[in-house]
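By UniProt numbering, the letter at position 61 of the sequence shown is numbered 61, and the numbering carries on one by one without gaps.
These aren't lab readings, by the way, just hints derived from the structure by calculation.
The C-beta atom is built at its ideal place from N, Cα and C for all residues, glycine as well.
Where hints are given, some of them may not hold.
Unchecked claim - Lysine to any residue pairs mimicking SDA-like chemistry, simulated, CA-CA at most 20 angstroms apart:
{"#": "1", "residue 1": "Lys38", "residue 2": "Lys82"}
{"#": "2", "residue 1": "Lys236", "residue 2": "Gly280"}
{"#": "3", "residue 1": "Lys269", "residue 2": "Ala406"}
{"#": "4", "residue 1": "Lys133", "residue 2": "Asp106"}
Said to hold, decoys possible - Label pairs and their calculated CB-CB ranges:
{"#": "5", "residue 1": "Lys236", "residue 2": "Asp60", "range": "42 to 52 angstroms"}
{"#": "6", "residue 1": "Gly134", "residue 2": "Ser402", "range": "29 to 39 angstroms"}
{"#": "7", "residue 1": "Ser402", "residue 2": "Lys425", "range": "17 to 27 angstroms"}
{"#": "8", "residue 1": "Thr243", "residue 2": "Ile135", "range": "21 to 31 angstroms"}
{"#": "9", "residue 1": "Gln428", "residue 2": "Lys236", "range": "45 to 55 angstroms"}
{"#": "10", "residue 1": "Glu94", "residue 2": "Ile197", "range": "25 to 35 angstroms"}
{"#": "11", "residue 1": "Ile42", "residue 2": "Tyr268", "range": "35 to 45 angstroms"}
{"#": "12", "residue 1": "Leu338", "residue 2": "Phe267", "range": "41 to 51 angstroms"}
{"#": "13", "residue 1": "Thr243", "residue 2": "Leu32", "range": "41 to 51 angstroms"}
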Amino acid sequence: MLLLSKIIQKTLARKIKHNFLARVIGEKEMELIFEELKNEFIKADVNYEVTEQFFKEIQDNLREEKRLFMGKEEVQLELYQKIKDKLINSLGEEAEPLKLRKKGRDKFLLIGTNGAGKTTTVAKLAYYLKTKKGIESIETVSLDANRAAAFEQLQQLVTPLGVKSHFIKELEELQEFEEELKNREVNSILYDSGGVIPKDIEGLSYLKKLSSLVNPTETILVLDALAGQESLEIVKLFCESITVDSLIVTKSDSMSPLGAALSAHYFYKLPIKFLGEGEGIEDLIVFYPDRIVSKLLGEGDVQTLAEKIEEKEIDTNQAEKSIYKFLKGKFDLEDLILQLKEVKKFGSIGSLLKMFPSLNNLTEKLLSQSSAVEEEFAKWEVLIQSMTPYEKQNPKVIKAESSRRARIVRGSGRKVEELNRLLNKWEQTKKKAEEIGQNILTKQGDWTNIFDYLK
């Protein structure tokens, strides 16, 4: 899907340039612009009614400010800013924190449809509470009686965090657990409920009983960003059956969460607490409306990027040394594997790219290729791990000796063509990096201010 800024800017420019010859844009012309923008929002999975209301409010605002008669140059800037401000406002304006009590126990009940990512989100939330909020005593409860594998998955994810897991199949067991809990010191409990499909009256009824027994501090609906136009129906289904306090939108690295988030918040005023980006347990992003809108509009999210660098403990000194080595054409496969590991700390390449401001067609092209690049990187990592330290530091010996190539391919389980591609890429990149480095050295005279040049 195109970056939203591109959709808006292209639509505005096309309409203004080709359809309007007048020196000013009036109400009739503005209607035509809005109609095309509405179509683009609907394509981005924003609900039809939400889209209509969204642009009506912008138009009413322009009318009140008497801004409907503007010169062509003004229209694009004015509308772009109005849409951006309205998006931020429509998503809640500010990040809304979890409901954490100053005293007593917090209980979070996660609900949603099958496959929305509830179990993984429970684990991510446990990680967030432990590492970001400093909550030591956390336990998780799997209430998915129809999927025993859900408990096993949850246990595997949270055990390394020192978080205890429980598997409860029946309401009677849950009641006993809640009674027993009164005598124990536990700060936070996370409940992973079973998936409910639309029109599952029995499942929704059971969920209401669970909620009544648990009496949660906060009930969080886990919403799949890939649900598209169905998102609003899913939100409606749960909101009409049970008290829902907030949303977590998952799989938002695969596709813009705009449609699901905007529609749900617009109709039900549900605050969006987090976005699930990536498969790592740490890949739960606090939902800042201004930051997510900046990303959607291709303006990047440098603030979150800076926070990630700090929290992932990226070694910036080592990074500088690596760049020096890279630009001198002296980097080897050991350096490459170290850099791949650093990149992986950020989650998917796609989610990392979205944090940078858009570079015209380049960002879109890179985003479309990010999955293929990740697959290639995974192959390289396996191949490099099958090399000896000497081979990593001197890749040319691998090219020179077929016996080394055969051993690496056999040990990694990859193909010889993939190894050859890795070695060729390394050689090409090394050569290009050396050329760039020499160019910088020629212009700068020395290497001490290289990073000022690169900025």
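query: Between Ile42 and Tyr268, does the beta-carbon spacing fit 35 to 45 angstroms?
result: About 19 angstroms separates the Cβ atoms of Ile42 and Tyr268, which means 35 to 45 angstroms is violated.
- request: Take the C-beta atom of Ser402 and the C-beta atom of Lys425, compute their distance, and say whether it sits inside 17 to 27 angstroms.
  value: Cβ of Ser402 to Cβ of Lys425: about 19 angstroms, so the range 17 to 27 angstroms holds.
C-beta pair Gln428, Lys236: status relative to the range 45 to 55 angstroms that was hinted: Between Gln428 and Lys236, where Cβ atoms are some 54 angstroms apart, the hint holds.
message: The hint says 29 to 39 angstroms between Gly134 and Ser402; measuring C-beta to C-beta, is that right?
response: 56 angstroms, violated
message: Against the range 42 to 52 angstroms, how does the distance between the Cβ atoms of Lys236 and Asp60 compare: consistent or not?
response: 26 angstroms, violated
message: Hinted pair, alpha-carbon criterion (20 angstroms max): Lys38, Lys82. Please report holds or violated.
response: 14 angstroms, holds
query: Does 41 to 51 angstroms hold as the CB distance between Leu338 and Phe267, or does it fail?
result: Holds, since Leu338 and Phe267 (Cβ atoms, about 48 angstroms apart) stay within the stated range.
task: Starting from the hint 25 to 35 angstroms, judge whether the C-beta atoms of Glu94 and Ile197 obey it.
output: 34 angstroms, holds
message: What's the verdict on Lys269 and Ala406, does the C-alpha distance respect the 20 angstroms limit or exceed it?
response: Not OK: Lys269 and Ala406 at ~61 angstroms, beyond 20 angstroms, violated.
- prompt: CA of Lys236 to CA of Gly280, is that 20 angstroms or under?
  reply: Measuring from Cα to Cα gives roughly 30 angstroms; hence the hint is violated.
message: Between the beta carbons of Thr243 and Leu32, is the distance compatible with 41 to 51 angstroms?
response: 43 angstroms, holds
message: Would the hint linking Lys133 and Asp106 be met if the CA-CA limit is 20 angstroms?
response: Roughly 13 angstroms between the alpha carbons, so the hint for Lys133 and Asp106 holds.
Violation of the numbered hints given earlier is confined to hints 2, 3, 5, 6, 11; the remaining hints are satisfied by the structure.
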